[in-house]
Amino acid sequence: MGALEKLFYSPVGHAVSTRAGLTDPPTLRRGRTWPDGTMVLAPLGASTLVADTLDLLGLETSDPIVDAPADSPPGYGSRIGALVIDATDLTTIVGLEDLRAVLRPAVRALEGSGRVVIVAREPSGNWESKSVTRALDGINRTIGKELRRGATSNLVYVSADATPNDLLSTLGFVLQGRSAFVDGQTWHVGGASSIVDALSDQPLKDRVIVVTGAARGIGASIARILARDGATIVGVDIPAAGESLAGVANEVGGTALQLDITADDAGAAIAEHVARRGERIYGVVHCAGITRDKMLVNTDAERWGSVLDVNLAAQIRMNEVLLDPAIPGSVEDGGRIVGIASTSGLAGNKGQTNYAASKAGVAGLVEAMAPDLADRRITANAVAPGFIETAMTARIPFIQREIFRRSNSLSQGGQPEDVAEAIGYLLDPASAGVNGQVIRVCGQNLVGA
Amino acid sequence: MNSNAVIVGGNRTPFAKAGGPYAQASSHDLLTSAIDGLAARYGLSGKQLGEVAAGAVLKHPRDFNLTREAVLSSSLAPTTPACDLQQACGTGLEATIYIANKISLGQIDSGIAGGADSASDAPITVSEPLRKALLAANAARSTGDRLKALARIRPSHLKPLAPGVNEPRTGLSMGEHQALTTKRWEVTREAQDELAAASHHTLAAAWDNGFFDDLVTPFLGVAKDSILRPDTSVEKLSKLKPAFGGPEGTMTAGNSTALSDGAATVLLSNEQWAKDNHLPVLAKFVDANVAAVDHPAGDDLLLAPVGAVGHMLERNGLTIEDFDLVEIHEAFASTVLATLKAWESEEYCTSLGLKGAIGTLDRSKLNTMGSSLAVGHPFAATGARIVPSLAKMLHDLGPGKRGLISVCAAGGQGVVAILEAV
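First to last, the sequence lines map onto chains A and B. Residues 1 to 449 in this note's numbering are what the first sequence spells out, letter by letter. Residues 1001 to 1422 in this note's numbering are what the second sequence spells out, letter by letter.
If you are wondering where the hints come from, they were derived from the structure by calculation, not from laboratory data. These numbers were taken from a predicted model, which means no experiment stands behind them. Some clues are possibly wrong.
To be verified - Pairs of lysine-lysine residues, derived as BS3-like cross-links and limited to a Cα-Cα distance of at most 25 angstroms, are as follows: (1) B/Lys1275 x B/Lys1183; (2) A/Lys205 x B/Lys1236; (3) B/Lys1183 x B/Lys1148; (4) B/Lys1275 x B/Lys1017; (5) A/Lys205 x B/Lys1239; (6) B/Lys1401 x B/Lys1365.
Said to hold, decoys possible - Now the in silico label distances, taken between C-beta atoms and shown as ranges: (7) B/Leu1134 x A/Ala240: 45 to 51 angstroms; (8) B/Lys1047 x A/Ala198: 48 to 54 angstroms; (9) A/Lys6 x B/Leu1134: 47 to 53 angstroms; (10) B/Asp1208 x A/Lys6: 57 to 63 angstroms; (11) A/Gly58 x B/Leu1105: 40 to 46 angstroms; (12) A/Pro11 x B/Lys1047: 37 to 43 angstroms; (13) B/Ala1077 x A/Arg406: 44 to 50 angstroms; (14) A/Arg276 x B/Ala1077: 20 to 26 angstroms; (15) B/Gly1398 x A/Arg292: 50 to 56 angstroms; (16) A/Leu7 x B/Ala1243: 56 to 62 angstroms.
Stated by the list, open to error - Among the chain A residues that face chain B by a calculated CB cut under 8 angstroms, a handful are: (17) Ala101; (18) Leu103; (19) Arg104; (20) Pro239; (21) Gly242; (22) Ala249; (23) Gly253; (24) Ala256; (25) Gly278; (26) Glu279; (27) Ala391; (28) Met392.
For glycine and all other residues, C-beta sits at the position ideal for the given N, C-alpha and C.
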């Protein structure tokens, strides 16, 4: 820790920085926990999709307070835990006023780490209807920035054939502490005829999940969270990282597989490891990745090629093998593929052309794979972490790090477990309707799409 | 109920030169790491196994229960029993035989055999006069007597003693013994250097091909055997000065094993246990044998495995041609070369009570993935290094392929075994 950093974290430095406006960031609610306060359900039409989903989740709801055209708006009296808005019938600009009227009192009353969740239809119909759908995106992003004390706002678009069972895992994830660092985001849930009718604490029980890059950092956290959710972990990392990989594998009661994922036979070696144990793979989490940062003017072919090979090409090569149903130990029908993109890829980041290319490529990859795998009920999705507190980001120079860390709506860096929880949500068998999505775990970073 | 003992796999730390990267690690640390890597590879975390048997040659008094303590430090279930076992450089293989026998007899269904040694963490002892003076002072009844006892201590008594590596009966070091054998069997310097260079080159190739990816787990940031010199050559080795056998000697630091630190383990079980636990099976542990020579009377100290091999082959009705791979521990390059010459000698073999010469080995079958000269030789670990490596090589060649292991040990002993691929 440098002298400047020590000063910043000293009592004196803390007092000064607080007076300058750098207050301590809120502590976020995490894990499989629900909001403390009342869950308010606001249907903006006749649809019961959200009400029925909350019913499956076993959540009690109360009616919203609606803003009146008086001088002082009515209040809830006490803090509320969440406002869940069913906007699936909302198609007109006039109708947006109904949204404002339920948002205003609720935003004022929302507890720390509370939730605003808007559920809407995918764009369809006439010009006005489509523009209203998009208007919701702007509202969601802005609410996310205005909310305080760790509260978040997210928007979920559902397709017309999506059932409460299809929406179940998504609403559960967004309302629970698992989505702590997912803020201002928008993604889609399609119809998947899911038959799961309750949220499980161990949705991955006895399912084999391969996690590459599992020896440390975010990968190790993914292994731990997925094991908590019941998964049998196959941790993969380069042989040189074998010691910490063994530690993680033993900790989560899984197995360690030392291999270089850029080897031509990496996919085959993983399948063989699983097949030898008489199992099939349920999920693959491609977390292994490297950085070789330099400004483009200093980026040579080696830096360019190695990052693209490890972060993207190797993933495609492994997927081709692991998704071949003829290969013993490959991914089973109904399985899951999850890639790790990055806000650097979605928004661009100075000094990371190669990395941004590879990570935006991962986003493109899952979007491309999703429809091709649909007939086997396999989904492909990605998460895009923003600033996450890891050994890697701890090496960023102090001032730069403090700026990155606070440049989001939650004024703090995310934890590796926040990324892992989002991945756990995508892997949940109940998330069959979530396909081809890229979910950012970035606390609504100021930069990025 | 008798059953086959099979080798599921193994794990070891990379081996390193004594006083090198593992200088601060104890045999306990090394053995624990090797067991943990094995547990991670085969999903044994939290599982109870039949027994763990391992040992160390250079052993601290504090390590009186080395293996059991390592089990308790590892991720295996704490209810896994363990015992220490020691047979000098034969320890790792003898521990494997012990576990395999228990499995074959149906006493256990699974077990780990292993060995660890840290020449960096060798026990340092006090001199005999100092020990006696302290004992006398401790037993003294009065302060005067106590002072009298302590007054007998001389500065020279305070010099710590490193563990003895010389043969107690002959006073000769292992290298000096082997120098006698080298001369007697007329092993040339050139042949020794060629064997040493080949050991480095084949080991380097095996590392490059990823052969050790599922046999080794890094330890303390070391990912590869650090004694390995991929770029060594017969020419470079020929420039080294003799280390044993006087100025005319042919044995150098290059064709003798270095003092090493490291640990190795083997996972064995019966076939049903492997099946029930969804684990692969590489090879069967077919037979093993131990023999000794009378080196104080002049026998070649490190040729004891010759008799052990000969009698084991006769017992199994096998000849040397029946083996697809042969691993002879490279204590010294000349040990291997003298062993091969002894195998070919009708006179030597019959003097051991064998029906005739063991035969001539096709050298392309010998130590194909390197051996102790390049890998290093933490005494107790070597046998447990060889078993899983050979089992994997045999498995890669296909079912029924046979392998022979020959390990020489201090005290004029030899431990040998036969594996057969499943």
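**Asked** Which of the numbered hints are not met once you compare them with the structure shown?
**Response** Hints 1, 2, 3, 4, 5, 8, 10, 11, 12, 15, 17, 18, 19, 27 and 28 contradicted; others consistent.
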